[in-house]
Amino acid sequence: MRDCAPNLMWWYIYDLPANFLISRELARIRQGGISRKQSKHLQKARDARGKENIPAGPLPQPSLSPKSRALADNVRLQAEVKQMKNKQKNAARHEKQLKKKNAELKNKVDEAQKQLHKATAHGEAQFRTVLKKRTVCSRALLQ
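Start counting the sequence shown at 1246; every next residue gets the next number (the working numbering).
It is worth saying that the hints were derived from the structure and are not from the lab.
The reader is advised that the hints may include incorrect statements.
Across the chosen pairs, the derived CB separations fall in these ranges [as the list claims (entries may be wrong)]:
#1 N1352 - K1332: 26 to 32 Å
#2 Q1323 - K1359: 53 to 59 Å
#3 L1309 - L1343: 43 to 49 Å
#4 N1335 - P1311: 33 to 39 Å
#5 A1337 - Q1360: 31 to 37 Å
#6 Q1371 - A1348: 30 to 36 Å
This one's a predicted model, so the numbers in the text were calculated from it and none came from an experiment.
Where is the CB? At the ideal position from N, CA and C, for every residue including glycine.
Whenever a hint applies, use it, and build me the whole structure from the sequences.
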């Protein structure tokens, strides 16, 4: 078995024992695929070893026992559930923010309508006062 660096390259997997294969597979499932750096290492390994059987993309599923496959599925499903819960929380938070903004805008509209009503009433009162003064003045001139 080769000495393995902390960031294990995919082509090392072929030399590893079965338990480590399973844990590495679970880590790959959690990670969600293969990175550019890993694919670069795969290409170098392919060139160095002269083998074409090393896959360019994500590794094919190793033949896992039913228990290990169930464990891998469980990990994947837990990750999906966590992701869906986060989406739900974000949607609820966004909805709450929208309701708050809607309430603020409604208050502003109500305040603006009150101001408009006051201004209109004040303007009408001033208009009536001026009209009365003109009427009084015109009556005085007519007499």
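Hint check results:
{"no.": "1", "hint": "N1352 - K1332: 26 to 32 Å", "result": "holds (31 Å)"}
{"no.": "2", "hint": "Q1323 - K1359: 53 to 59 Å", "result": "holds (54 Å)"}
{"no.": "3", "hint": "L1309 - L1343: 43 to 49 Å", "result": "holds (46 Å)"}
{"no.": "4", "hint": "N1335 - P1311: 33 to 39 Å", "result": "holds (36 Å)"}
{"no.": "5", "hint": "A1337 - Q1360: 31 to 37 Å", "result": "holds (35 Å)"}
{"no.": "6", "hint": "Q1371 - A1348: 30 to 36 Å", "result": "holds (35 Å)"}
Checked against the numbered hints listed earlier, the structure breaks none of them; every hint is satisfied.
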